[in-house]
Amino acid sequence: MKIAAIVFLLSIIVCSNAYSSEHEVGQKNKAFSQKTLKVKVGDTVHFTNQDPFFHNVYSMSETTAFDLGSYAKGNSKSVKFEKQGEVVVQCAIHPFMKMKIKVE
Amino acid sequence: MYLSLACMSPCLAESLFEKGEMDLLKQQWLLPELSYRERHQQLVALGKKLFFDSNLSIDSSTSCATCHDPKYAWSDGQAKAIGLRNKTLKRATPSIINTAYSLTFMWDGRSPSLEHQALLPIFNPDEMGLNADLLVKRIEQNPDYAKLFDAAFDNDAITINKVGLAIAEFERTITARNTRFDRWLKGDSEAMTVTEREGFKIFLDGQKSGCINCHNPPNFTDHGFHNVGVATLEGQSADLGRFNQTPLNIMKGAFKTPSLRGAPLTAPYFHDGSANTLEEVVDHYQDGIIAKDNLSPSLINIALSKEDKSKLVSFLKTLQ
Numbered sequence: 001m002k003i004a005a006i007v008f009l010l011s012i013i014v015c016s017n018a019y020s021s022e023h024e025v026g027q028k029n030k031a032f033s034q035k036t037l038k039v040k041v042g043d044t045v046h047f048t049n050q051d052p053f054f055h056n057v058y059s060m061s062e063t064t065a066f067d068l069g070s071y072a073k074g075n076s077k078s079v080k081f082e083k084q085g086e087v088v089v090q091c092a093i094h095p096f097m098k099m100k101i102k103v104e
Numbered sequence: 001m002y003l004s005l006a007c008m009s010p011c012l013a014e015s016l017f018e019k020g021e022m023d024l025l026k027q028q029w030l031l032p033e034l035s036y037r038e039r040h041q042q043l044v045a046l047g048k049k050l051f052f053d054s055n056l057s058i059d060s061s062t063s064c065a066t067c068h069d070p071k072y073a074w075s076d077g078q079a080k081a082i083g084l085r086n087k088t089l090k091r092a093t094p095s096i097i098n099t100a101y102s103l104t105f106m107w108d109g110r111s112p113s114l115e116h117q118a119l120l121p122i123f124n125p126d127e128m129g130l131n132a133d134l135l136v137k138r139i140e141q142n143p144d145y146a147k148l149f150d151a152a153f154d155n156d157a158i159t160i161n162k163v164g165l166a167i168a169e170f171e172r173t174i175t176a177r178n179t180r181f182d183r184w185l186k187g188d189s190e191a192m193t194v195t196e197r198e199g200f201k202i203f204l205d206g207q208k209s210g211c212i213n214c215h216n217p218p219n220f221t222d223h224g225f226h227n228v229g230v231a232t233l234e235g236q237s238a239d240l241g242r243f244n245q246t247p248l249n250i251m252k253g254a255f256k257t258p259s260l261r262g263a264p265l266t267a268p269y270f271h272d273g274s275a276n277t278l279e280e281v282v283d284h285y286q287d288g289i290i291a292k293d294n295l296s297p298s299l300i301n302i303a304l305s306k307e308d309k310s311k312l313v314s315f316l317k318t319l320q
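So the protein sequences, as listed, match chains E and R.
Per the working numbering, the very first residue in the first sequence carries number 1; after that it's consecutive.
Per the working numbering, the very first residue in the second sequence carries number 1; after that it's consecutive.
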């Protein structure tokens, strides 16, 4: 019975992973590569710095707040979006860099 | 069928309206050319009068130009700005040279536009000390303004939004676009000496001087915010700068990267006016960094020789 429960739980985890997607958002020329992005709950977004200087991607949105810290060219940091809602993403160093992620 | 209809319409127009009538109709109904230039000049004229008008302060002592004084390259030459009743304010007055190219306003970027920024000192109780009603009243009291507002807006109603628009438009005319450096870029090989050009090479080296890491082209700024270790952040009076807008540790003590065009004329430097000369600015980055926490990741350890420092400063002095 216990084994059956574990198998059932594992199958849920595997299935949910199978449906989640990965998205790429670059930071280049002091702008995000997309102004808006639609993702599903469980999806992961990779934020990759393609500029020859630091960026510091963060969000203070109610549904998903994060601070990826400052990182240099070629580095990437990721955020998994676990809740529905609209997430405004900015660069702390260059605040005019702004995008919205709609988590559905 | 379509062809014949198309042919008919001009003929129909000619038969219904005589030539004299058509000329009159054209005069009445065709849209005139828009003259943005003229409108811009009228807005600038109004903005200039407002900018230099000390009646826009509570005790009629202070205008925008009191701190942004053209005699001091549109700054005030003070380490810290002096406000109403001679109160020393906590930051240096930034020059408004090339603010037309800015994306963020105020040292901490708390203002989203030049139009918005232009009103903040007027309403700040330590700077000019008016409120919206008093501002409108003071302007209404001066009969010269009605004509200027009418010319700029086709309407002599005075509103604070119009005041912001006009002052911002005037400020956008304060530019430095033809420095010796610019003339050299445009092809005047004598505009910069060999030493100054060598200084520019050092400036561009992100690993050697690191200047370019924040003072990006074309206006020598990344429009960003950095803690460059000018002051300690201890104690209640510490100026946390951008952190007040964006409460992330990296923003503690961070301030806007100023443009460098015009900089040879705008001493003292940094948000707290703590460097009196461009030489002192370079010395700060080499071995004067006081605060070590939350420093900008763009700062590098630099070890310029005396000669390289001198070349770098020579280059900076071409920016006027």
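It should be emphasised that the hints constitute simulated quantities derived from the structure, not laboratory data.
Do not take every clue at face value.
In the BS3-like style, the derived pairs of lysine-lysine whose C-alpha atoms are separated by at most 30 angstroms in a straight line are [what the hints assert, rightly or not]: (1) R:201 / E:30; (2) E:73 / E:100; (3) E:30 / E:102; (4) R:309 / R:71; (5) R:90 / E:73; (6) R:292 / E:77; (7) E:30 / R:208.
One side only, chain E facing chain R, incomplete, derived with CB under 8 angstroms [to be verified]: (8) 53; (9) 54; (10) 63; (11) 67; (12) 92; (13) 94.
If you want the ones that stay clear, here's a sample from chain R, every Cβ over 12 angstroms from chain E, calculated [stated by the list, open to error]: (14) 85; (15) 90; (16) 184; (17) 222; (18) 236; (19) 276; (20) 284.
Cβ atoms here follow ideal geometry from the backbone N, Cα and C, with glycine treated the same way.
Hint check results:
For the given pair, residue 201 of chain R sits about 23 angstroms from residue 30 of chain E by alpha-carbon distance, which is consistent with the 30 angstroms threshold. For the hint pairing residue 73 of chain E with residue 100 of chain E, the CA-to-CA distance comes to about 22 angstroms; that is within 30 angstroms, so the pair holds. Between residue 30 of chain E and residue 102 of chain E the CA atoms are separated by roughly 21 angstroms; this keeps the pair inside 30 angstroms, and the hint holds. For the hint pairing residue 309 of chain R with residue 71 of chain R, the CA-to-CA distance comes to about 29 angstroms; that is within 30 angstroms, so the pair holds.
For the hint pairing residue 90 of chain R with residue 73 of chain E, the CA-to-CA distance comes to about 35 angstroms; that exceeds 30 angstroms, so the pair is violated. For the hint pairing residue 292 of chain R with residue 77 of chain E, the CA-to-CA distance comes to about 25 angstroms; that is within 30 angstroms, so the pair holds. Between residue 30 of chain E and residue 208 of chain R the alpha-carbon distance is near 23 angstroms, which keeps this suggested pair within the 30 angstroms criterion. Contact between residue 53 of chain E and chain R, as hinted, is supported at the beta carbon level, the nearest pair being about 6 angstroms apart and thus within 8 angstroms.
The interface hint given for residue 54 of chain E is met, as the beta carbon of that residue sits about 4 angstroms from the closest beta carbon of chain R, less than 8 angstroms. Interface hint status for residue 63 of chain E: violated, as the beta-carbon distance to the closest one in chain R is roughly 18 angstroms, over 8 angstroms. The interface hint given for residue 67 of chain E is met, as the beta carbon of that residue sits about 5 angstroms from the closest beta carbon of chain R, less than 8 angstroms. Taking 8 angstroms as the C-beta cut-off, the interface hint given for residue 92 of chain E holds, the closest approach to chain R being about 5 angstroms.
Hint on residue 94 of chain E holds. Least Cβ distance to chain R is approximately 5 angstroms, under the 8 angstroms limit. For residue 85 of chain R, the shortest C-beta to C-beta distance to chain E comes to about 34 angstroms, beyond the 12 angstroms cut-off, and the non-interface label holds. The beta carbon of residue 90 of chain R is kept farther than 12 angstroms from every beta carbon of chain E, the shortest such distance being approximately 21 angstroms. Against chain E, the non-interface label of residue 184 of chain R holds: every CB pair exceeds 12 angstroms, the least being about 24 angstroms.
Residue placement check: residue 222 of chain R does not keep its beta carbon more than 12 angstroms from all beta carbons of chain E (closest about 6 angstroms). Its beta-carbon lying about 24 angstroms from the closest one in chain E, residue 236 of chain R satisfies the requirement of being farther than 12 angstroms from that chain. Taking the minimum C-beta to C-beta distance to chain E, about 28 angstroms, the non-interface status of residue 276 of chain R holds against the 12 angstroms cut. No Cβ of chain E comes within 12 angstroms of the Cβ of residue 284 of chain R; the nearest lies about 20 angstroms off, and the non-interface call holds.
In summary, the structure is inconsistent with hints 5, 10, 17 from the numbered list given earlier, while agreeing with the others.
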